[in-house]
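Engineer: Assemble chain B onto chain A, guided by the hints.
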Amino acid sequence: MRIGLVCPYQWDVPGGVQYHVRDLAETLQALGHHVEVLTPAEHEESLPPYATFAGRTVPVPYNGSMASLQFGPVSAARVRRWLRDGRFDVVHVHEPASPSVSLLVCMIATGPVVATFHAATTRSKWLAALAPMVRPWLERVSGRIAVSDFARRLQVEHLGGDAVIIPNGVHVDAFTHGPGLPGITRGVDGPTIGFLGRFDEPRKGLPVLLEAMRTVVRQHPGARLLVAGRGDAAELDRLIGPDLRPHVALLGTISEKEKGAFLRSVDVYCAPNLLGESFGVILIEALAAGAPIVASDLDAFARVLEDGNAGVLVRRGDAAGLGRALCDLLADPRRLAELAARGPVAAAVYDWQVLARRILAVYETVVLPDGGAVTATDEDHFPGVPPARRQLRSSPRRWAPR
Amino acid sequence: MTPDAWLLVGGVLAVLLLAWVGWTLRRLTRLEARVERAWAALDTQLRRRAGLAEQLARDHPAAVGQDRAPYLAAFAADARDPVDGDRELSENALGRELRELPADLPGVPAALQADLAGTATRVGLARRFYNDAVRDTCALRGQRMPRLLGLHGRRPLPRYFDIDDRLHQVAGAGRGGS
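For the record, the sequence lines run as chains A and B. Quick note: the first sequence uses full-length UniProt numbering, first residue 1, plus one each step. Quick note: the second sequence uses full-length UniProt numbering, first residue 1, plus one each step.
Please note that the accuracy of each hint is not assured.
Said to hold, decoys possible - Here chain A is said to cover these stretches of chain B; the calculated rule only asks that three of the stretch's residues, wherever they fall, bring their Cβ under 8 Å from a Cβ of chain A:
| id | stretch |
| --- | --- |
| 1 | 21-35 |
| 2 | 39-48 |
| 3 | 89-97 |
Claimed, not checked - Ranges between beta-carbon positions, derived for each pair:
| id | chain 1 | residue 1 | chain 2 | residue 2 | range |
| --- | --- | --- | --- | --- | --- |
| 4 | B | Asp43 | A | Ala129 | 36 to 42 Å |
| 5 | B | Asp43 | A | Asp297 | 40 to 46 Å |
| 6 | A | Thr377 | B | Asp4 | 35 to 41 Å |
| 7 | A | Arg81 | B | Asp43 | 52 to 58 Å |
Think of the hints as simulated: they come from the structure by calculation, not from any bench. C-beta atoms are modelled at their ideal positions from N, C-alpha and C, and glycine is treated no differently.
Just chain B, with the same shape it has in the complex:
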């Protein structure tokens, strides 16, 4: 082949590479936005859950049980602002405490109970969607080419958020519900 032809082939390859890089960068940006949105949703639901738990402990200590209410309030406060910085641990503790509440909660308004149940479902959903977004990001960033070229720039790798929210009950086939 003549030098011209080589130049042409090289040029075409370079253009293809550039197009691919641009496309991958856009995917990464989009995924980053999705992770952010999913985290915002999860954070909102978790905060809402903590708020409802605090409200429950404050306004209806009798229904919760006099010995339980201070714990519930403390766990809710800890979930809002974890002392040791481990959000997952605090949320787990709060989730366990909420699950162990008596099922009927006498004297608690139906709206608050429905809110609590709804938030439990939504925490499960939001967490699954967040982890899904993280998984997609990790999958793309784990590929050889994006990794070698460092296309992710300085963005830190997003972390999975793992808590025990009894998701199989929340999202299992045919059971549960909001």
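Okay, chain A solo, but in the shape it has when bound:
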């Protein structure tokens, strides 16, 4: 099958959607399909051979972070060329509800289009304002996928369409097997607790975990907290305080490879997040790596952890409860071993091999046997963006009956 994937965010900037598109593309290629990706990027040369450069995006501050916009005749021309050259059986756009290259593809493509919705922000004024304008274009999407119940709910509420749920994926094998971090071995070097994420973002909940650590070190004097991720180290140091300093190690930013090693090394992985995770990919990765998990009871986390069967859930923001849960778990080697064995099994449903086949089933459902390939509409089908050069030449034909 010839498949075109569209990523709306810059390829060389880390992000969940980018990783999703990359992993999906590579898994589908390994299954023997022809896959091409259209994506914006900061540096064109950073793109893999199967990706086509779609220009740069304009960053717009929105909702505390940056949304990237990309629109206009130049981008439209690139999209049109990519669609015509690609002759795809199906085009799969990601996050098409904002003005991006994904929306452009929805506007220009004719033929089977599948869309995946990732976002799960519930109160999005931006999306609410854009929805009526975007809706006519999303009508062209023949199959909609949401990565979680929350993403689906957002889609139903704002854009008025249903979606099948196919979650984010993880290469389970890559996390299950491999070396650990040097000097830290699970079950050997004092109990270690892992935390990964931007530690200066309060919603990630590191302060709660630090508070809980004070309880933990009283019962397990050898316990250490390993903090990986980006953030302001000085700020964190103040938060740690002198009593905890010997028990906390700051690893800084770690690469994808190191992330696997990190998760394979810690005795317990802790996700004390306070709010709003659409989907806990990191929890799936930790499960795959066999790390026993203690996480706050966010809906998304509870779903991944099978309501507490595959990990321990504690009330969000409850430092005392978190401390107790960590102590109890560290003192119970049988439960630890049980969770470590359960992890890869629980993660298996999120393996890319499984999910890619489910996504292929979606493709096969929307592609009709004699349906023909996806192509670009004629330019007069694209109001709003004037066809810059061809307009004069083709204007007499624009009103010809079709």
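Structural biologist: Chain B alone, transformed into the frame defined by chain A:
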């Protein structure tokens, strides 16, 4: 304002209205095509399911159970060509019968079993996509302006297709699979 200016304003409004009508007509045409495509896909999957069920009942009556096989064959035939014309009812009956089959089906080739499971998933997907297309069409045709102007012409309003295909198992978060 002078009559000329009024004429100009009227002209501009008329052009805007015409552009909007043209745009909406195109949306309706596109949606109609999408509903048709989605129905074709759903119909294909349903027929495939009925065909596989017939094959199963014909070739492997022992695995299905001697008492069950004739029912399965009858339901599959009814799903292909509903006697009372109610497709949803017949498909529901067939779907229920297929779900109640023993889980392992001894002696049935793995390929046929995989086909059956895959078709069950695809029926769920195709049905959701079809109903989605119908919903979009109904939403546009339900708006005041397209309704008043009768932009949909003589096209009948598409119908939802409702059967119990255990979609939450097929498409639920993280569970199921093809």
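Engineer: For a quick check of understanding: which of the numbered hints are violated here, in increasing order?
Structural biologist: Per hint list: 3, 7 violated.
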